[in-house]
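A.B. asks: Can you make the complete structure from the sequences, with help from the hints?
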Amino acid sequence: MLPLAFGAPAVLFGLLALPVIWWLLRLTPPRPRSEVFPPLRILAAVLKKEETPAQSPWWLTVLRIVMAALVILALADPVLDPTSGTVSSRGPLALVVDNSWSTAPDWQRRVAAADRLIDQAADTDVPVSLTFTASRDNDPTPTSAANARERLRAARPQPIPPARERAAARFTEAFSGTAPGTLAFIADGIASNGGEQAFSRMIATGPADIRLIEGDGNPVAITDADNGADRFTVSATRLDTDGAENLGLDAYDAKGRSIATGRLHFDAGSATGSGAIDVPFELRNDFARIGIASVASAGASYLLDDSDRRRRVALVSGAPSDNAQELLSPLHYIEQALQPYADLLKPEDSDLAQAIPNLLKRNPSVIVMADIGTLPEDVYPALEKWIRNGGTLLRFAGPRLAGTTAKDPLVPVQLRAGERALGGTMSWSEPQHLAAFSGSGPFAGIQAPQNVTVSRQVLAQPSPDLEERTWASLADGTPLVTAKTEGEGRIVLFHVTATPTWSNLPLSGAFVEMLRKTIALSKASPTGGTDNGSGVDAGAPQSLPPYRLLSAEGILVEPSGDARPVTLRKGALPRPTLDNPPGLYGTQDGFRALNLMRAGDTLEPLAMPEAADITRTPLVDTAARALKPWLFALAMLLLLVDSVIVLVMGGALSTARLARAGRSTGAALLLACLGAGLCGLGAPRPAFAQEDTGSDASTILDKIDTTHLAYVVTGDEAVDRISRAGLEGLSRFLTNHTALEPGPPDGVHIDSDPLAFYPLIYWPMAPDAAMPSDAAVGRIDAYMKNGGTVLFDTRDQLGSLGGDGAVTPQTQRLRAILANLDVPPLEPVPDDDVLTKAFYILRSFPGRYAGGRMWVEATPDDEGRADRPVRAGDGVSSIVITGNDLAGAWAVNGDGSPLLPTVPNDPRQRELAYRVGVNLVMYTLTGNYKADQVHIPALLERLGQ
Amino acid sequence: MASLGRSVSRTANTEALARARQRAALVPDCLVEASRIAHTAVSGWHGRRRRGTGENFWQFRPYTVGESVARIDWRRSARDDHTYLRDREWEAAHTLWLWSDPSPSMLFKSDLARASKEARALVLQLALAEVLARSGERIASPAIMEPTAQRNAAERLAGALVQAQDTAAFPDFLDAGRYSEVVLVGDFLDEPEVTMERLAPIARRGIRGHVVEVCDPAEEVFPYAGRTEFRDPETGSRLTAGRAETVAEDYRRAYLARRETLAGRLQRLGWTFLTHRTDRPASEALIAVHMRLSGDPAGGRRSA
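Chains as they are written, first to last, in full-length UniProt numbering: chain A, 1 to 945; chain B, 1 to 304.
No wet-lab data here; the hints were simulated from the structure.
Here the structure is a predicted model, which means the values were calculated and not measured.
Not close to chain A: a few residues of chain B, all C-beta gaps over 10 angstroms, as computed:
1) L112
2) P142
3) N152
To give an idea of the chain A side of the interface with chain B (calculated C-beta under 8 angstroms), a few residues:
4) P39
5) L43
6) V46
Pairwise CB distance ranges (calculated):
7) A:G715 <-> B:A200: 51 to 61 angstroms
8) B:D250 <-> A:M636: 34 to 44 angstroms
9) B:R280 <-> A:L18: 53 to 63 angstroms
10) A:H749 <-> B:D250: 41 to 51 angstroms
Glycine residues also receive a C-beta, built at the ideal position from the N, C-alpha and C atoms.
C.D. replies: As structure tokens, then:
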């Protein structure tokens, strides 16, 4: 069985031409035209030696022959088909395809594999029988290939495990008379209930050839998800236990938005893994579905229902609601404690007879009753029913409860009438501390607060079951919190008030924790509540209609007509079947999630009957792998190699040694070329690294030690030279005239050098130089935002003299740069700006040219304070623009003499230019300090001196 | 593609003579050096009173910049503010030595040319002989023919050339006297230094010369392209150019540089230099040489 086939085998005859090509190649180069030429000596003087050897070296010829052979082979359109083969012609082709949930990710490949087999069956002219193990309707009766193909196209993966037994029953029925030729299973690889027997039964029909095609994917399924106290934990199982695996978890809310992510980890060799989503409680309550990222199957999706949701808590108080004194309201502390974790319901009216039934209609998980002694008589049955159906009643003691004489059915333990006071004037006992919480009780894990004291409580009647009903007790052993399970629900009683009157427990953090734990224990949505209308008691079968169903790809979809209402028995959901596919059942207000997997489920590898002779093949991607592009690519590569060799032999790659080596051994030459290429590739990287580490600590220290003026290296040699000389001149002037003694100026490359050391960066516009990159402009932007000042100098004052509105190239460049910068609004330097007074009093800002205006950041208008000596601009303008060529005026030779004449040539103007520079530097270094300085006379005057 | 140029067999002298006669018939009687003839014992027709190299005074004329200072007549110049030269009347021996290059490199004719260089050189040589003999000049050819003043000098020269086919080397002109002139027709493809090494001894003996370079257009414009193997007809050495068109520009520059160098050197010797392409009619060259022999350099390339 040759896996190689040719689309155009006739082209292979072209290989016969290879000897001819060989002969032709040996003849290279072509024979020259012979010419008599008397002035040969003159020609010889100008003609470079470009002799090619009469014959190319043998290895070069071999290379070219190989190239030609590759092209011919490629033109013959070879196709590598590892799955080629034929189905048995002794009977119909029987295809059994698993379309269970785990086939969804690679369904198309499975269809393609089945399609290929059907093609082969069509070629062999045998009918095809097609069985889908997870589908409802199966007709394994052999039909034509076209029919089978149509059914194959229509089939979809189902979000349920395969029902192989049922499929096998239909199969054996269909093949009771005839034996199938080839029996091919396209299996999902997961063992199912009774799967092995099903296969045995199918094999028993006596096929001539049995094949098992298995996918290479690793099915993984979430088995359990738990909204824990501080994190969301997820358990999962997988089929392939080899190797550790780390998968991403996505949590989606009810609208399908991904709102949190986590990790799911499988240890090597372990079939089960666990993961966690570590997000705040509030966010966790919004989870509607957990999915494994990158795995689109129903198993990798876990639906959540109300049991993990935020609880609805109804608050009922016996005390009159007094809004004026909130801190005395018994519900205030509970509200504050529960607000972040639960939805709080409050009764609309204070009449408990109305309020409690209304609250029950809203189906709360928990009803908190703070100090309620008695309830209206007709409320009791409804409340009791609600508790039996899963409601949690949380009660707090108080004067009313303590004063109740009637026997209260809604307390966990029998209470003694009246309350017990501890540490009062008439008592010897001290206020009691809390005992440590029992490690196995519901409050396990909560640190018992040491500073909580209880001075008053209601006492329980001693009874045999008091101990087990006690959740928390005081240090002397009297119960503080007791609880009783009632039906599916629970009654919990705190023996103290919900206000700090009896104890300071409500003020402690433990109170919040205890309430949270209690709430978390409650059922999210007590079924059988009056709300969902069924009104049936728990235990009776309950039918829930499909609300949203999970597709095989793990997406929630509208229910199809096939799905039937799910029947809950004793509140438990059945296993998903085709009739009840995984999904949400119920209504929008209350639903139950039916998941594919349950806690503790594992995925087992598919077991096949051992006796049968089964050919196992993997699922391959495509039927045929066309080799044509690869061959062409290889030929192209050889052509490149050939070109390089020819270039080298032609002397293009210099050194005679290399060329000689190339002529002697081609292999050596190839290696040399590759080596040279690799070296060339590798070389620049260390150089870059070197550059990056250029700003080491000592350089930074040096830059910080002394103030340096800086200019932008534009790349235009002349401009940069003047910038450097100008800043040197200015530094010299500053040293001579001011307290600032700057170091030598630095030229900075704004795209690489650190800018943070420089208070002022001079940027002359050089239109001939390259435009700074976006990254460089971004750095300048950051520099300006962080307090640096950039002095842009277009140096075009002279150039723009005649033009009215004509834009010089420098200005154009400036505009192009500023277009990328976040530049504040600008204005010409106002007469009262700090810049005019920072060191020298200046009226204008001349450089080499006089007359151009200097622009700075516009300062907000000081409305009408004309009498102020200076405008009190806060901070320093991050941008200064001039056209006067300041550096040109500052530039000095090594001996200190000016480098360029000023225009007009006036020593006074140069002096002024230096003063502008000094003012600028002082301005950038001191900011509005000078603006404050000018007030000194006024301040002194005010001080009376 | 067939070769552009090829070697040709040597031209039969009789045929060349006939062609030379035709050319010569077009040229008016050569009255070269009539003046010189008048001053020599050798018979000529009538003298031409002209300035030239001689011993008798001919005229004073103002000095113009560029002329040899040695020729200034200081006695005359001292008399007024101008500087004068003393021109002498032209007097010379009137033997004209004609030589054409017989080397194999001359046996080349390209498709662009009308005749091979050798044929053209021979025609020029014989035509000159015919013209000059008609004018009564003495004609000679080095190592081939003694000077003769006979009217049928061209026939005799042709006959002598037939006799001496194997004179490939450059002659030494030892027989040429002081006031004789030589006319050299060849391709002068050697290095200018080599050529000048041969010509300088002749010039030192006071012999005036006229060099006619005959070239094939193919040699000048280099119309070759593609992979071409060039063969030197003299040495037989070969040279292969991978892409001939790429060197064409360089070659033309070198070729013309050689010519310029040669022309410059000859100018310094006081000789005239003339190029002639074989795709032009031979009479062009004949007239040009004739003009130069007549002392009128306006006919073509300016000589010293």
